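Peer 1: Got chain Y; can you put chain U on it based on the hints?
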Amino acid sequence: MSLDSASIRRQFPLLQQKIDDHPMMYLDASATSQKPQIVLDAMNDFYTTSNANVHRGMHVLSERATTEYEKARESVRRFLNASSTDEIIFTKSSTESINLVARCYGEHFLKEGDAVLVSILEHHSNIVPWLQLKEKKGIDVRWIEVDQQGQIRMDSFESQLAEKKVKMVAITGLSNVLGTLPPLKEMIASAHKAGALVIVDAAQLAAHAQIDVQDLDCDFLAFSGHKIYGPTGIGVLYGKKDLLGAMPPFLGGGMMIKEVTRGHFVATDLPAKFEAGTPPIAEAVGLRTAIEWQKTFSWKDRQDHEREMLALALSELKKIEGLHILGPKNPDQILGCISFVVDGVHPHDLTDILGSQGICLRAGHHCAQPLHDTLGIPASTRLSISLHTTKDDILILTPAITKAIKILKK
Amino acid sequence: MDLYAENILDHYKHPRMQGELPDVTVQHEEKNISCGDTITVTMKVENGTISNLRWTGTGCAISQAAMSMIAEELEGKKTEAIDALTTDDIRALLHVPIGNRRVKCALLCLHTLKNALHTLRNEQMQSWTDTVGNESNAS
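Protein chains in written order, with my numbering: chain Y, 579 to 988; chain U, -18 to 120.
Looking at chain Y on its own, in the form it has when it is part of the complex (with noise of 0.2 Å):
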């Protein structure tokens, strides 16, 4: 059965509303996606009904939520396929995850003449706390080169790999840029052969394919939860179990010690151990229902549908003179997202004119500066196809960029 993306559309209170009399065109998942009233509802009722702090108490309430947070855990662990709750760990982002990754693996197991090798198609999340890593610990940051259509040159991870320095392998599973997929797997066996362990930055990924950890064997992976129709607010870590047990705990304070005396404490286990304050309680909740509702649709069905509307925006912004687009021209090579740029026209004026028009894309360097630089250009313009994106959203762009240029171009 094919996805009914118009039905779906329904299910989002927030794209029902107009702009100006326009309707809303919300393309711009890849940065946040929208969310379907059954996760506000969650959330509202868990306030409503259950709100307390999470193994705390003895009392009703206490106990209700510790029941609903830790029910949210085993719903990410399925959807990861990862093989134990322990290594399900809530942070407040992909990047919280990242830098938990960087600061008590890297910190504590690398050390200088270490090597971490990064991708340039990395986000800065993935990047910015390994070069952190750098000035603390002088590990050298290297990069995973990709050819003009963004696909990692397997070459260059090879020879970098041989050389015995590389510890550390940050990867993403999806660009969120040029919508291109790194062959992970593949990757992982390469780096693991090597001695590197390996993270994958899936905040993109989450939202457009299906993650098995263990058929990936990756070491460490991170995604958010407001990608992948959740609040914002709570981000996920998963790592092997005995990865994260040798690892020193990330923050210190309530929930995430054994004991407290004058003089030292004692970390508790996992997963607690990096859950240090009150975590995002209705968050889990709200995150654990989106996972839920996208389980109602089949991964085939969904990506049936992307590659639908990424076929149908590749062909009707091929129309437009003067665009280029970045990356892959293949539907099949690409999933989330298609980044493109116009001759003579600034991305943030040909997103401000079609944002007056509820047209919503993203307009810049999507926190991705060292690929744009390699792509030799400032700054890019992004759609992104979500569950709810419908023809009528792909087909309404083409007349409306092509009066945007009409306007701006010089």
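Hints in this document: simulated from the structure, not taken from any laboratory.
Everything numeric in this text was worked out from a predicted model, so none of it was measured.
Careful, some of the hints might be misleading.
Unchecked claim - Calculated cross-link-like contacts (lysine to any residue; reagent style SDA-like; alpha-carbon spacing at most 25 Å):
| # | chain 1 | residue 1 | chain 2 | residue 2 |
| --- | --- | --- | --- | --- |
| 1 | Y | Lys988 | U | Thr67 |
| 2 | Y | Lys988 | Y | Pro948 |
| 3 | Y | Lys596 | U | Pro78 |
| 4 | Y | Lys984 | U | Leu66 |
| 5 | Y | Lys988 | U | Leu66 |
What the hints assert, rightly or not - Just a few of them, taken from the derived set where beta-carbon distance is under 10 Å, the chain U residues facing chain Y:
| # | residue |
| --- | --- |
| 6 | Met(-2) |
| 7 | Ser15 |
| 8 | Cys16 |
| 9 | Asp18 |
| 10 | Thr19 |
| 11 | Thr39 |
| 12 | Ser44 |
| 13 | Ala73 |
| 14 | His76 |
| 15 | Gly80 |
| 16 | Arg83 |
Don't be surprised by glycine CBs; every beta carbon is placed ideally from N, CA and C.
Peer 2: Same frame as chain Y, but now just chain U:
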């Protein structure tokens, strides 16, 4: 009112006072890295008077039009005219509503001019927060 009003598009498409001066008294460049907007201002200052001012830049229509407009105002004025410039002056020149998301585009010219003056006087550069004041500093 439309952000892309005729006067803004006219200054964007036909920028005034654009170019480079030979032997200038001061040259200063500022960038909005997040959008790729760049403005470089060159000025010849004689006895406290801006005898010549030219600028170059790349970027969005708002950033370039604002610079074009303010450049026309400043040539022949005392450097104190730059001290006196406020965010409201730039807004008045543009004469269209500038929302939070475009504040840094609109005020890149002001930021560049203020820091050009600081460079001229060997003073410490001012930050975006100094330039924007209590307005949004988000980028």
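Peer 1: All hints, please: hold or fail.
Peer 2: A quick look at each hint next to the structure:
1. Lys988(Y) to Thr67(U): violated, 29 Å
2. Lys988(Y) to Pro948(Y): violated, 29 Å
3. Lys596(Y) to Pro78(U): holds, 21 Å
4. Lys984(Y) to Leu66(U): This hinted pair is violated, its Cα atoms lying about 34 Å apart.
5. Lys988(Y) to Leu66(U): violated, 29 Å
6. Met(-2): violated, 17 Å
7. Ser15: It holds, given that the least Cβ distance between Ser15(U) and chain Y is near 6 Å, below 10 Å.
8. Cys16: With a minimum Cβ separation of about 5 Å from chain Y (threshold 10 Å), the hint on Cys16(U) holds.
9. Asp18: Since the shortest Cβ distance to chain Y is 8 Å, the answer is holds.
10. Thr19: holds, 9 Å
11. Thr39: holds, 8 Å
12. Ser44: holds, 9 Å
13. Ala73: With Cβ-Cβ at 21 Å, over 10 Å, it is violated.
14. His76: violated, 17 Å
15. Gly80: Hint holds; Gly80(U) Cβ to chain Y Cβ min 9 Å, cut 10 Å.
16. Arg83: Since the shortest Cβ distance to chain Y is 7 Å, the answer is holds.
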